[in-house]
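Enquirer: Chain residues, written in single-letter form:
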Amino acid sequence: MLVVDLFVNGLIVGLFYALMAVGLAMIFGVLKIVNFAHGEFYMIGAYTYVLVALKLGVSPWAALPLAAIAGALVGWLVERSLMRPLYAGYGSWSIMKDEYAVVVTFGLSLFLINLVDKVVGPYPYRGPALVETSRFAIGPVMLNGQKLIAAGVSAALLIGLALFIKRSLWGRQIQAVAQNRLGASLAGIDATRTTSLIFAISGLLAALSGALLAPVINPSPDVGGFPAVKSYVIVVLGGMGSVWGAMIASLLLGVLESFFAVYVSYDYRDAFGLLILMLVLIFRPQGLLGEKVREL
Amino acid sequence: MFRIPLVASVAVFAAGVVFAAEPIKVGISIAQSPPGSVVQGTQVKDGLEIVKDIVNKQGGVLGRPIELVYEDNQGIPEKGRAASEKLITKDKVVAITGGHQSSVCLAEIEVAHRYGVPYVNTNCWSDDVRTKHYPEVFNPGNYNTRVSMAMAETIAAMKLKNVVAFAENTDYGIGQAKLLDKFIKEKSPGTKFRYETLDRASKDFTPAVLALRANPPDMVINIMLPPAAYILMNQLYEQGVAPTAKTWSYDGAGLADYPDFWQNVKDAGKDMICFALYHPKMNIPPLGKQVAEEYTKRAKAEPNRLIFQAADSLLLIVDAIKQAKSTDPKAIEAALRTMNFTGTRGTFKFSQEPGYTYQQWVDIPYVNYQLTAVNQPISQSHLIQGPGQPLDVSKLQKPAK
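If you read the protein sequences in the order shown, they are chains A and B.
Under numbering that gives the first Met the number 0, the first residue of the first sequence is numbered 0, with each subsequent residue one higher.
Under numbering that gives the first Met the number 0, the first residue of the second sequence is numbered 0, with each subsequent residue one higher.
Be aware that one or more of the hints could be misleading.
[Unchecked claim] Capping the alpha-carbon separation at 27 angstroms, the derived lysine-lysine pairs in BS3-like fashion look like this:
(1) B/Lys265 - B/Lys245
(2) B/Lys299 - A/Lys117
(3) A/Lys117 - B/Lys265
(4) B/Lys296 - A/Lys117
(5) A/Lys54 - B/Lys299
(6) B/Lys24 - A/Lys117
(7) A/Lys117 - B/Lys51
(8) B/Lys51 - A/Lys54
(9) B/Lys85 - B/Lys51
(10) B/Lys329 - B/Lys51
(11) A/Lys117 - B/Lys44
(12) B/Lys280 - B/Lys269
It should be emphasised that the hints constitute simulated quantities derived from the structure, not laboratory data.
Isolated chain A (complex conformation):
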């Protein structure tokens, strides 16, 4: 029965990983940069949910979309104010694009952590649960009501996102910009607006992930650090920029970590994720679903 327990728990954790990692993968897919402030989008979602529900007395169900909106808004603002120099006519800056992206997103991450620490305070806040049932059993598996709802919402969002990217006009525009920014622009696609959209979606997903888990993870200002590190691993594992790859890698990592922790060593659970990453980079450098690219 432990095997079933571990598998279910691994899948649930994998879904949370996926919600975080997909946004990061999309940003990399389009801009070819790593957003080091991605964990802070998650933190903003968690804090918005907790503060709106606890301090303003808003229903947790209403606080959830508000957290998502806050994340989308911050994502959009970050793109408008900090990311534009990467592609909007700052010729000399684009030469050192990678350095700029690292410095600006890393600085933003530190700024947001310390801002929340000073404004809201250092104490962890546990968010109110969406359901009162803190634990119940389905057969041999003991489940947490909040975790189950969070996993369900995550699965629905990921399926919705996959359909959105594949079938909607905006989704196709995202695919086009990710494939070839200049080509997409020549075909009449507004690449700048598409990039804004990607940052907003990325912020929304990460914030929603933080909000859904706020009753479980007891958010504190640095809460985003750990999931962000996992997301970086997943994005590389799945194939840089591949949304599907990120989803599969998330579920895989969640389940494998769960089994490894019990049957091998809990101490090295996180190191195990990095070991898988190294093996993939050695034997399949493009990641699970990434494409081989040769730069000329």
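Given chain A, put chain B in place with the hints provided.
Expert: Same frame as chain A, but now just chain B:
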């Protein structure tokens, strides 16, 4: 134009004491921002500020006010080392105190030792801080051996057969777990004990918890600090592992009196047994009562152990300066060594025995209590072991299921 000087003058007169003399600087190195335990840092700061105000209101020491110079070490050893270096060389502090995370203390005492400046350890539990035998380091706070021995005695008194501890992967956590293993072998040889180290940055401990579900132990012990500790406690409860009719939950880190405990641990806190260094039902000296009242007035909350530990740290430095009639670090150190001072928690004497008792206040009072309801204030919890008393097993309340 004249508003600010005027307001400042009024404020100084209102305070009742005007100091012309140069302040005596005491260095404070605490975590005021992540990833350090800002919760602990804030409590330590609150305790220190209360004592500073009390001392300065009474005319300071040697006719000079006490000034606290704060440095934020972020709970990172290298930052603690740099903070101590700056406090000693630039700010010219006469002593350093406030340390509340063992790994940081271990880095900071190296600097204090090099410069020969007294270091009063507020809350670093790791025995390694003592076993270095640095003459500058004084320990009025708790130590791992004390807690481990107390926990082992509790396990022996409860006649438990199978115990599991979850310890964080730090000097404090691993050190505490190893000592607990040693003392359980001594005091309760029939008990099967094992510990698991967990990453304090992690947010999911479910796999470690799930492994206990098939064969639940008699007790699960927490040797972790927040927020990881809170997450672990909640996951133990959600998975039906502890507290249950079969398995006790024991907080060995003394967290139940943290101001954010109940906000973060709801049902999982009910029926938990807690090791503690302070309980409102304990008899404390008049100075302790004064600090407790002042804290309650300022924070509108019950004080916890860190408030008293921080208060005692500064009181000891102040008293040592008084006794030495000097702010020379060596004179303060000598005064601390022969100290016999009644602070907020008892009368302090520093042992000169080598090992973990070196320059340690050995007989730190501790208690065990049980939380019997969600959101229960500590004053209403069940005291199952008073200071210096044996554990009264009959007072324990087992969860219904």
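Enquirer: Compare the structure with each hint and give your call.
Expert: Now the hints, each set against the structure:
Note on B/Lys265 and B/Lys245: the hinted pairing holds, with a Cα-Cα distance of about 20 angstroms set against a maximum of 27 angstroms. Taking the CA atoms of B/Lys299 and A/Lys117, the gap is near 21 angstroms; set against the 27 angstroms cutoff, the hint holds. In summary, the hint linking A/Lys117 to B/Lys265 is supported, as the alpha carbons are separated by about 26 angstroms, within the 27 angstroms threshold. For the proposed pair B/Lys296 and A/Lys117, the alpha carbon gap of about 23 angstroms is at most 27 angstroms, so the pair holds.
Proposed proximity of A/Lys54 and B/Lys299 is supported: the alpha carbons are some 18 angstroms apart, at most 27 angstroms. A distance of roughly 26 angstroms separates the Cα atoms of B/Lys24 and A/Lys117; the hinted pair therefore holds under the 27 angstroms criterion. At roughly 24 angstroms between alpha-carbon atoms, A/Lys117 and B/Lys51 fall within 27 angstroms of each other, so this suggested pair holds. For the proposed pair B/Lys51 and A/Lys54, the alpha carbon gap of about 33 angstroms is over 27 angstroms, so the pair is violated.
For the given pair, B/Lys85 sits about 21 angstroms from B/Lys51 by alpha-carbon distance, which is consistent with the 27 angstroms threshold. For the proposed pair B/Lys329 and B/Lys51, the alpha carbon gap of about 22 angstroms is at most 27 angstroms, so the pair holds. A C-alpha spacing of about 15 angstroms is found between A/Lys117 and B/Lys44, which places the hinted pair at or below 27 angstroms, so the restraint holds. Pair hint B/Lys280 plus B/Lys269 holds up; C-alpha atoms about 20 angstroms apart against a cutoff of 27 angstroms.
Hint 8 alone, counting from the list given before, is not met by this structure.
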